[in-house]
Structure formats: C-alpha cells, structure tokens
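Colleague: Listed here are the chains, written in short residue letters.
Number of protein chains: 2
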Amino acid sequence: MYEKRFMKRAISVSLKNIDKGGGPFGAVIVRDGKIIATGANRVTCNNDPTAHAEVMAIRKAAKKLGTFDLSGCEIYTSCEPCPMCLGAIYWAHLDRIYYGNTKRDAAAIGFDDSFIYDELDLKKEDRKIQIIQKLPNEAIEAFRYWENKTDKIEY
Amino acid sequence: MYEKRFMKRAISVSLKNIDKGGGPFGAVIVRDGKIIATGANRVTCNNDPTAHAEVMAIRKAAKKLGTFDLSGCEIYTSCEPCPMCLGAIYWAHLDRIYYGNTKRDAAAIGFDDSFIYDELDLKKEDRKIQIIQKLPNEAIEAFRYWENKTDKIEY
Chain A
1 MYEKRFMKRA ISVSLKNIDK GGGPFGAVIV RDGKIIATGA NRVTCNNDPT
51 AHAEVMAIRK AAKKLGTFDL SGCEIYTSCE PCPMCLGAIY WAHLDRIYYG
101 NTKRDAAAIG FDDSFIYDEL DLKKEDRKIQ IIQKLPNEAI EAFRYWENKT
151 DKIEY
Chain B
1 MYEKRFMKRA ISVSLKNIDK GGGPFGAVIV RDGKIIATGA NRVTCNNDPT
51 AHAEVMAIRK AAKKLGTFDL SGCEIYTSCE PCPMCLGAIY WAHLDRIYYG
101 NTKRDAAAIG FDDSFIYDEL DLKKEDRKIQ IIQKLPNEAI EAFRYWENKT
151 DKIEY
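Chains as they are written, first to last, in my numbering: chain A, 1 to 155; chain B, 1 to 155.
A few of these clues could be false.
Identical copies look the same in the list; a pair holds intra-copy or inter-copy alike.
As the list claims (entries may be wrong) - Below 30 angstroms or equal to it, Euclidean Cα-Cα: the simulated DSS-like pairs (lysine-lysine) are:
1. Lys-124 x Lys-152
2. Lys-123 x Lys-64
3. Lys-34 x Lys-149
4. Lys-124 x Lys-103
5. Lys-103 x Lys-134
6. Lys-152 x Lys-16
7. Lys-152 x Lys-34
8. Lys-123 x Lys-20
9. Lys-20 x Lys-124
10. Lys-123 x Lys-152
11. Lys-123 x Lys-8
12. Lys-16 x Lys-123
13. Lys-124 x Lys-149
14. Lys-123 x Lys-149
15. Lys-20 x Lys-128
16. Lys-128 x Lys-64
17. Lys-134 x Lys-34
18. Lys-128 x Lys-103
19. Lys-63 x Lys-124
20. Lys-34 x Lys-16
These are calculated hints, taken from the structure and not from any lab test.
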C-alpha cells in the first residue's frame, strides 16, 4: 500500500547521494509499513556498474531478511527502473514499484536507460553489442545435470 | 576475438557450480586473451537475487580492474543473459557476448528469463508487477541538482 513518506525518503536518498559522490538515484524497500533497506547509486564510487539504487536496496533487503525471495515487499525508487533493475525486481519477486522520475527524465541528464530499452527491442543481429551462440551441445550438459539433481533449491 | 577455451571454461564453471550448491550458470570475462574474472550463479547460496553468473563476473572484473567501465572486455556465459544481466552488460560496456544455452533452454528447466523478457514488451499497465508514478515534481529536484553540479563523474 502506497505511503507518501516512503517516496519522499527515496527522493531524499537520491538527493543526499549526490553530495556523497554518487548518482542522483535512491530506492527504499518496504514491508508491512516499515523500511527494510535503502539503496543509492554507487557505480562510480564502488567501481561497480551494477550498483544502481534498486540493486543495492534489493541486495541489502535480501541479506537482512535472509532470503532471496522478497515477496511481500514493495520498492519505492526515485526513478523508473532501467532494464537491469527491472529484471532484478522481477527476480526478487517484489510486489509493486513506485517511481518518481521517468526513463526519459534520466536520459535527459545523460543516463541512457532508454538506449538499453531500445536495444532489448531489437533483433539480436541489430544490437550494438554483438551476441553470438557457441557450443550449445556442450553448454546444455549443465542443464541436464541440474534437471537430474534431486536436492536442488529452485526459485 | 572468440576463443573456444573461454567458452569451455564458462561451461565448466556452470557445471562445477551445481556441486557447490548454486544454479547451473557460469560466466567468464576476458580481455586481451586473459581471464579477468569468473562468476557463477549464487542466488540461493548468498541470498542475493542479483547474484547471477554475469553480474557476479562483472562485479569481480570491475573491482579487479578498478573501473566501472569494462570496454575492451568480452563476456562468455554458459546461458543467454536474462534482462537483468543484459542490462548489466550494457552498463559495463562489454564489447561482445558469447553464450551457450538459450533463454528457452533456461525456461525449460524452470528459470523463467523468458517471462521477464515478455513482461518488458508489455505496456506498463499490463505487467504482472504494477509500476506507478508518484511525486514526479519532487523527484526531479535531484536531477536538477545533478545537472548543475560541476564536479560530477558521468558514465
């Protein structure tokens, strides 16, 4: 259930992060009316291209709750998630996403999430980063081994 | 430039990771004919929904090279990247992607990357995880502040 104070907190994290040397993005993960974790964009500070606000908040929340499944939690993010973060949100099974700025707003200040969304819509052969299949007959062995494993944890 | 031995290594990482309690996915990041980092799926072991093989390899390679920009590197992954990992690859500016199994192969053993790809293609209002804009006029303040900052590191 949306609560304005959490959106304000995500925005406040995004603002404060600029003064801490990070990008203008903040996120908050909430469950049952309580903040579980916050995250801010630390890409350049941590030398980690995956350190977007949403990914940081998801990693922290999952660690704190001791589970890779964040069902029952909602994420408030100061900006519409990029494809990486949206993917992370789906894998984490978050219930709902509230966002402030749009991906077009992000592109306008030089963060080109829109470019990646556009690339995903192209056929593989038309994308900027080439993607080529190799050794499928060997790669599939791991999937066969996984399928036959009886004590695996699925998600 | 593709080298078969690196694809074989990614596949070997994916296989060994199953015995280490992880999912059947491995990745290798290569620059100038040398392995910079390997990564395996540790989602359930680390309680981290973002710990896919490609994300793990990117984080390690970026840390090792001391930069968030992996231009000049290629990634070999035992399976076609999911949207989260593909996004991470774009943000890391990797030069090229070689993959073994397809997303359909992954879906067939219960890893539903295809579902997330399909969701991304839907209009926001038709997606399974609701995504709702809130407080855009307040959120934009962080972007304005960022725009006016003179000593920022862009990427």
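Colleague: State for each hint whether it applies.
Modeller: Hints and how they fare:
Within a single copy, Lys-124 and Lys-152 get their C-alpha atoms no closer than 32 angstroms, and across copies no closer than 34 angstroms, so neither meets the 30 angstroms cut-off. When the C-alpha separation of Lys-123 and Lys-64 is checked against a cutoff of 30 angstroms, the pair qualifies neither within a copy, at 39 angstroms, nor between copies, at 33 angstroms. Proximity of Lys-34 to Lys-149 under the C-alpha cut-off of 30 angstroms is found in neither arrangement, the shortest distances being 39 angstroms within a copy and 33 angstroms between copies. Taking the shortest Cα distances, Lys-124 and Lys-103 sit within 30 angstroms of each other both inside one copy (23 angstroms) and across copies (13 angstroms).
When the C-alpha separation of Lys-103 and Lys-134 is checked against a cutoff of 30 angstroms, the pair qualifies only between copies, where the shortest distance is 14 angstroms, while the shortest distance within a copy is 34 angstroms. In this assembly of identical chains, Lys-152 and Lys-16 lie within 30 angstroms of each other by CA distance solely across copies; the values are 14 angstroms between and 42 angstroms within a copy. With identical chains, the CA atoms of Lys-152 and Lys-34 are never at most 30 angstroms apart, being 33 angstroms at best within one copy and 33 angstroms at best between copies. With identical chains, the CA atoms of Lys-123 and Lys-20 are never at most 30 angstroms apart, being 39 angstroms at best within one copy and 35 angstroms at best between copies.
Proximity of Lys-20 to Lys-124 under the C-alpha cut-off of 30 angstroms is found in neither arrangement, the shortest distances being 38 angstroms within a copy and 33 angstroms between copies. Neither within a single protomer nor between protomers do Lys-123 and Lys-152 lie at most 30 angstroms apart by alpha-carbon distance, with minima of 34 angstroms and 35 angstroms respectively. Proximity of Lys-123 and Lys-8 under a CA criterion of 30 angstroms is satisfied inter-copy only: 26 angstroms between copies versus 39 angstroms inside one chain copy. Proximity of Lys-16 to Lys-123 under the C-alpha cut-off of 30 angstroms is found in neither arrangement, the shortest distances being 39 angstroms within a copy and 32 angstroms between copies.
Taking the shortest alpha-carbon separations for Lys-124 and Lys-149, neither the intra-copy value of 32 angstroms nor the inter-copy value of 37 angstroms comes in at or below 30 angstroms. Taking identical chains as interchangeable, the C-alpha atoms of Lys-123 and Lys-149 are never at most 30 angstroms apart, the minima being 34 angstroms within one chain and 38 angstroms between chains. Neither within a single protomer nor between protomers do Lys-20 and Lys-128 lie at most 30 angstroms apart by alpha-carbon distance, with minima of 33 angstroms and 35 angstroms respectively. Taking CA atoms no more than 30 angstroms apart as the test, Lys-128 paired with Lys-64 passes between copies only; the shortest distance there is 26 angstroms, against 38 angstroms inside one copy.
Proximity of Lys-134 to Lys-34 under the C-alpha cut-off of 30 angstroms is restricted to the inter-copy arrangement: shortest distance 19 angstroms between copies versus 47 angstroms within a copy. For the homomeric pair Lys-128 and Lys-103, the shortest alpha-carbon distances inside one copy (20 angstroms) and between copies (20 angstroms) are both at most 30 angstroms. Taking the shortest Cα distances, Lys-63 and Lys-124 sit within 30 angstroms of each other only across copies (29 angstroms), while inside one copy they are farther apart (35 angstroms). Only within a single protomer do Lys-34 and Lys-16 lie at most 30 angstroms apart by alpha-carbon distance; the minimum there is 21 angstroms, versus 40 angstroms between protomers.
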